[in-house]
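Those protein sequence lines, which keep their order, are chains A and B. Take 1 as the starting number for the first sequence in the working numbering and just add one per residue. Take 1 as the starting number for the second sequence in the working numbering and just add one per residue.
Just so you know, the hints here were simulated from the structure itself, not pulled from any lab data. Note that beta-carbon positions come from the ideal geometry of N, C-alpha and C, so glycine has one too. Where hints are given, some of them may not hold.
Restricting the straight-line Cα-Cα distance to at most 25 Å, the calculated cross-link-like pairs of lysine to any residue (SDA-like) are [as the list claims (entries may be wrong)]:
{"no.": "1", "chain 1": "B", "residue 1": "Lys267", "chain 2": "A", "residue 2": "Met200"}
{"no.": "2", "chain 1": "B", "residue 1": "Lys192", "chain 2": "A", "residue 2": "Glu275"}
{"no.": "3", "chain 1": "A", "residue 1": "Lys46", "chain 2": "B", "residue 2": "Lys23"}
{"no.": "4", "chain 1": "A", "residue 1": "Lys46", "chain 2": "B", "residue 2": "Leu28"}
{"no.": "5", "chain 1": "B", "residue 1": "Lys190", "chain 2": "A", "residue 2": "Gly274"}
{"no.": "6", "chain 1": "A", "residue 1": "Lys161", "chain 2": "B", "residue 2": "Glu147"}
{"no.": "7", "chain 1": "A", "residue 1": "Lys161", "chain 2": "B", "residue 2": "Lys136"}
{"no.": "8", "chain 1": "A", "residue 1": "Lys368", "chain 2": "B", "residue 2": "Arg193"}
{"no.": "9", "chain 1": "A", "residue 1": "Lys154", "chain 2": "B", "residue 2": "Glu132"}
{"no.": "10", "chain 1": "A", "residue 1": "Lys171", "chain 2": "A", "residue 2": "Asn94"}
{"no.": "11", "chain 1": "A", "residue 1": "Lys49", "chain 2": "B", "residue 2": "Glu51"}
{"no.": "12", "chain 1": "A", "residue 1": "Lys371", "chain 2": "B", "residue 2": "Asp182"}
{"no.": "13", "chain 1": "B", "residue 1": "Lys267", "chain 2": "A", "residue 2": "Asp201"}
{"no.": "14", "chain 1": "A", "residue 1": "Lys49", "chain 2": "B", "residue 2": "Asp250"}
These stretches of chain A come out as covered by chain B in the derived footprint (C-beta under 8 Å, 3 or more residues) [to be verified]:
{"no.": "15", "segment": "106–115"}
{"no.": "16", "segment": "221–229"}
{"no.": "17", "segment": "251–258"}
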Amino acid sequence: MFSKLSDKLVETFKRLSKRGKLTKSEIHEATRQLRRILLDADVNYKVAKQFCKTVEQKAQAFLENPPLDPGKVFKNLVQNELTILLGTTALPINFSSKRSFTVILLAGLQGSGKTTTAAKIANLLRSRGRKPLLVACDTYRPAATQQLEILASKIDVPCFKEGDNPLRRAKNSLKFASSHGLDVIILDTAGRLSIDEQLMDELNKIKAETEPEESIFVADSMAGQQILSVADQFNKSIGLTGAILTKMDGDARGGAALSIREATSVPIKFIGTGESIEQIEEFHPDRISSRILGEGDLLSLAEKASSAIDAKEAKKTIKKLEKSSFGFDDFLKQLEMINKMGSFSGILKMIPGASKFASQISEEDYNKQLKTIKSMIQSMTPEERKNWKIIKGSRKRRIALGSGRKVEDVNRLLKQFKESMKIMGNMKKQRGIGGLGRMFSGKFN
Amino acid sequence: MKSLIERLKSGLLKTRAGIEIEKFDPDLLEERLLAADFGLQATEQIIESIEKGRGRENWKETARQTIYDILKTVEKPIRYYKSPFIMMFVGINGGGKTTTIGKLAYQYNQAGKSVILAAADTYRAAATGQLEIWAKRSDAKIVKQPEGSDPASVAFDACSSAKAKGVDIVMIDTAGRLHTNDNLIRQLIKMKRVIKKIDQDAPHEIILVIDSTLGRNSLVQAEQFNNALGLTGIVLTKLDGSSKGGIVIDIAKELKIPVRYIGFGEKVEDLKPFDAREFSSALI
Numbered sequence: 001m002f003s004k005l006s007d008k009l010v011e012t013f014k015r016l017s018k019r020g021k022l023t024k025s026e027i028h029e030a031t032r033q034l035r036r037i038l039l040d041a042d043v044n045y046k047v048a049k050q051f052c053k054t055v056e057q058k059a060q061a062f063l064e065n066p067p068l069d070p071g072k073v074f075k076n077l078v079q080n081e082l083t084i085l086l087g088t089t090a091l092p093i094n095f096s097s098k099r100s101f102t103v104i105l106l107a108g109l110q111g112s113g114k115t116t117t118a119a120k121i122a123n124l125l126r127s128r129g130r131k132p133l134l135v136a137c138d139t140y141r142p143a144a145t146q147q148l149e150i151l152a153s154k155i156d157v158p159c160f161k162e163g164d165n166p167l168r169r170a171k172n173s174l175k176f177a178s179s180h181g182l183d184v185i186i187l188d189t190a191g192r193l194s195i196d197e198q199l200m201d202e203l204n205k206i207k208a209e210t211e212p213e214e215s216i217f218v219a220d221s222m223a224g225q226q227i228l229s230v231a232d233q234f235n236k237s238i239g240l241t242g243a244i245l246t247k248m249d250g251d252a253r254g255g256a257a258l259s260i261r262e263a264t265s266v267p268i269k270f271i272g273t274g275e276s277i278e279q280i281e282e283f284h285p286d287r288i289s290s291r292i293l294g295e296g297d298l299l300s301l302a303e304k305a306s307s308a309i310d311a312k313e314a315k316k317t318i319k320k321l322e323k324s325s326f327g328f329d330d331f332l333k334q335l336e337m338i339n340k341m342g343s344f345s346g347i348l349k350m351i352p353g354a355s356k357f358a359s360q361i362s363e364e365d366y367n368k369q370l371k372t373i374k375s376m377i378q379s380m381t382p383e384e385r386k387n388w389k390i391i392k393g394s395r396k397r398r399i400a401l402g403s404g405r406k407v408e409d410v411n412r413l414l415k416q417f418k419e420s421m422k423i424m425g426n427m428k429k430q431r432g433i434g435g436l437g438r439m440f441s442g443k444f445n
Numbered sequence: 001m002k003s004l005i006e007r008l009k010s011g012l013l014k015t016r017a018g019i020e021i022e023k024f025d026p027d028l029l030e031e032r033l034l035a036a037d038f039g040l041q042a043t044e045q046i047i048e049s050i051e052k053g054r055g056r057e058n059w060k061e062t063a064r065q066t067i068y069d070i071l072k073t074v075e076k077p078i079r080y081y082k083s084p085f086i087m088m089f090v091g092i093n094g095g096g097k098t099t100t101i102g103k104l105a106y107q108y109n110q111a112g113k114s115v116i117l118a119a120a121d122t123y124r125a126a127a128t129g130q131l132e133i134w135a136k137r138s139d140a141k142i143v144k145q146p147e148g149s150d151p152a153s154v155a156f157d158a159c160s161s162a163k164a165k166g167v168d169i170v171m172i173d174t175a176g177r178l179h180t181n182d183n184l185i186r187q188l189i190k191m192k193r194v195i196k197k198i199d200q201d202a203p204h205e206i207i208l209v210i211d212s213t214l215g216r217n218s219l220v221q222a223e224q225f226n227n228a229l230g231l232t233g234i235v236l237t238k239l240d241g242s243s244k245g246g247i248v249i250d251i252a253k254e255l256k257i258p259v260r261y262i263g264f265g266e267k268v269e270d271l272k273p274f275d276a277r278e279f280s281s282a283l284i
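Required output: the full structure, derived from the provided sequences and hints.
Structure representation (structure tokens):
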């Protein structure tokens with residue numbers, strides 16, 4: 001649903017470019033389109049309104065000095081403004097210069113991922129030479145303490161739980177840390193509603209008692225409209241120093257980041273990007289801004305790709321393409337490489353222009369197709385794999401028979417193979433892989 | 001004690017800082033709907049219904065009616081037609097699955113039904129521990145296996161034990177993981193298949209738990225879980241904050257999945273069957 005919207009924005013940009021000049025009404029129309037996209041990314045409606053106003057105002061400058069490519073210029077304007085609002089790249093944790101330890105207080109709504117995040121931060125800081133202590137300050141949720149204990153023992157970090165209420169545990173943990181030579185205290189507090197005065201008051205007392213260097217708001221990246229007021233209320237009552245966005249490995253566009261920044265002006269320090277304990281990353285405003293706009297997250301893709309794709313292998317492929325000696329074995333290798341990069345639809349979503357394919361191709365379909373393709377290629381002779389042009393009538397029949405498919409399937413495979421060669425030829429030119437989705441548009445049943 | 005409507009409304013009023021709109025103002029209404037996580041399309045539809053109709057003087061009623069008309073179609077309580085009645089609860093992490101199951105178990109127990117809880121979230125640390133505490137509170141039996149064991153086999157054990165002992169209701173707590181996680185989806189599909197070995201009609205309910213504080217992505221989640229598993233119902237949780245869960249409008253319009261319950265607090269009684277009239281009144 002969303003990709004349709006972002007495609008519309010792309011169209012709007014394109015239309016602006018084609019005309020080569022801008023009118024007031026065109027700018028207005030583009031801003032309207034932009035607002036839809038922001039709202040659909042869960043950016044708070046007030047923030048979206050203000051943002052569009054700013055963009056529309058700044059775009060007026062193009063009327064007098066028409067740029068050569070208005071679409072591109074407008075897009076850059078939007079992206080820049082977004083990035084500015086989102087703040088700078090991760091500021092590190094502020095460590096105490098006065099005390100022998102630093103206190104990090106984590107707070108947020110229920111289910112935002114505080115306990116998991118606490119363990120992730122402990123693990124990260126330990127890998128940077130710190131000696132962290134995890135403190136279970138959630139005495140409300142059944143088994144919350146147990147959850148933190150299990151996570152702590154997995155990463156071999158001590159977990160503190162002495163005291164029958166959150167305030168006492170927080171207080172006691174400071175003494176424990178000093179006497180045990182631990183230098184970072186991470187307080188995992190209970191999830192609470194910002195309108196729950198009693199619990200907010202408790203948080204305030206914990207803060208007064210422990211004087212944390214960092215008071216961090218943990219928010220779900222899928223959060224809706226109300227996160228603006230929630231973040232505002234947390235900030236007003238305990239004074240935040242930062243925020244963390246969790247569950248960024250999903251497909252939410254994370255407009256909440258913008259709302260939180262607008263409400264609190266505190267930096268977003270980290271993002272949680274997966275289930276396992278090491279999946280926490282620094283925040284990159286430029287990447288999130290493309291994600292909010294549905295532009296895809298090319299940088300993250302590049303990172304993923306570089307870990308999965310063998311650079312030598314890739315070079316070989318390009319050479320082969322140039323010499324037109326690209327064969328079915330290479331084709332299979334390529335498909336397997338893509339597979340190694342993780343969820344196929346997840347990858348497509350990161351690619352500008354290809355996100356529209358993501359919803360059309362289910363993971364299972366993809367895996368099934370990969371299997372089918374594999375079985376057909378494995379029914380080919382080495383000669384056929386190297387030179388697809390020799391695959392004619394009787395060879396097709398033999399391949400179909402060998403792989404338990406029909407001749408039509410073999411035909412489709414050949415067609416897809418040819419198409420993908422074309423696409424990869426383009427890729428070389430454009431340095432993008434936006435055409436990949438098309439490889440799987442024809443289905444085998 | 002305040003009624004549910006009052007409690008839901010007071011949350012909304014807090015977000016509106018007490019401003020009441022009396023005269024029809026499409027911009028203000030739009031803001032109010034957007035703030036409740038309505039989609040832009042649904043918002044426009046509601047505003048249009050007022051602008052076109054004769055409802056301008058009585059615009060609040062018209063808006064409520066429009067929302068009610070949509071929500072009425074998904075107001076369908078669970079029908080217990082079989083014993084053991086097997087229910088699977090699915091959803092992303094932090095949505096409130098375990099809490100919802102706990103509250104329901106307590107309510108069933110009060111109503112004199114016997115309950116087995118299946119701790120099929122063998123992934124999250126202490127998930128079983130959390131469910132165990134709820135089982136104790138509601139006098140329900142619990143079926144569990146060590147962390148990391150096969151969730152489908154936990155579900156199977158619970159269902160076959162329920163059948164053997166003549167237990168009324170089985171509730172299966174599955175791992176909360178993102179809908180983009182293919183392993184999770186495959187695991188759930190397998191679980192569903194395995195349960196069918198006990199009873200061909202089972203699971204009788206596959207319920208998606210949705211966190212009302214989340215935004216537009218909930219629609220995507222519902223779509224994907226529905227595609228993979230065929231959902232029979234939705235529970236909307238965490239309505240005690242300022243979030244209104246307007247996303248159910250889109251889910252009702254696009255996917256037509258019944259809304260079974262709403263959750264609005266930490267206490268066991270803070271879970272009620274969904275009432276479309278009440279809900280639409282609380283929204284506007």
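Results of checking the hints against the structure:
1. The suggested pairing of lysine 267 of chain B with methionine 200 of chain A holds, with an alpha-carbon distance near 18 Å, which does not exceed 25 Å.
2. Proposed proximity of lysine 192 of chain B and glutamate 275 of chain A is supported: the alpha carbons are some 24 Å apart, at most 25 Å.
3. A hinted pair counts as satisfied when its Cα atoms are at most 25 Å apart, and lysine 46 of chain A with lysine 23 of chain B qualifies at roughly 21 Å.
4. Our distance criterion of 25 Å between C-alpha atoms is met by lysine 46 of chain A and leucine 28 of chain B, whose separation comes to about 12 Å.
5. Proposed proximity of lysine 190 of chain B and glycine 274 of chain A is supported: the alpha carbons are some 23 Å apart, at most 25 Å.
6. A distance of roughly 22 Å separates the Cα atoms of lysine 161 of chain A and glutamate 147 of chain B; the hinted pair therefore holds under the 25 Å criterion.
7. As the CA atoms of lysine 161 of chain A and lysine 136 of chain B are separated by approximately 23 Å, the hinted pair is consistent with the 25 Å bound.
8. For the given pair, lysine 368 of chain A sits about 19 Å from arginine 193 of chain B by alpha-carbon distance, which is consistent with the 25 Å threshold.
9. Between lysine 154 of chain A and glutamate 132 of chain B the CA atoms are separated by roughly 22 Å; this keeps the pair inside 25 Å, and the hint holds.
10. Note on lysine 171 of chain A and asparagine 94 of chain A: the hinted pairing holds, with a Cα-Cα distance of about 21 Å set against a maximum of 25 Å.
11. Under the criterion of a C-alpha separation no larger than 25 Å, the hint pairing lysine 49 of chain A with glutamate 51 of chain B is consistent with the structure, at around 22 Å.
12. Between lysine 371 of chain A and aspartate 182 of chain B the alpha-carbon distance is near 17 Å, which keeps this suggested pair within the 25 Å criterion.
13. A C-alpha spacing of about 20 Å is found between lysine 267 of chain B and aspartate 201 of chain A, which places the hinted pair at or below 25 Å, so the restraint holds.
14. Taking the CA atoms of lysine 49 of chain A and aspartate 250 of chain B, the gap is about 22 Å. The hint holds against a cut of 25 Å.
15. Check result for the segment 106–115 of chain A against chain B: holds, 5 residues qualifying (beta carbon to beta carbon below 8 Å, three or more required).
16. Counting residues of the segment 221–229 of chain A whose CB lies closer than 8 Å to any CB of chain B gives 7, so the stated coverage by that chain holds, three being the minimum.
17. Note: the segment 251–258 of chain A has 5 residues with beta-carbon separation from chain B under 8 Å; the three-residue rule is met and the coverage holds.
Violated hints for the displayed structure: none, as all numbered hints are satisfied.
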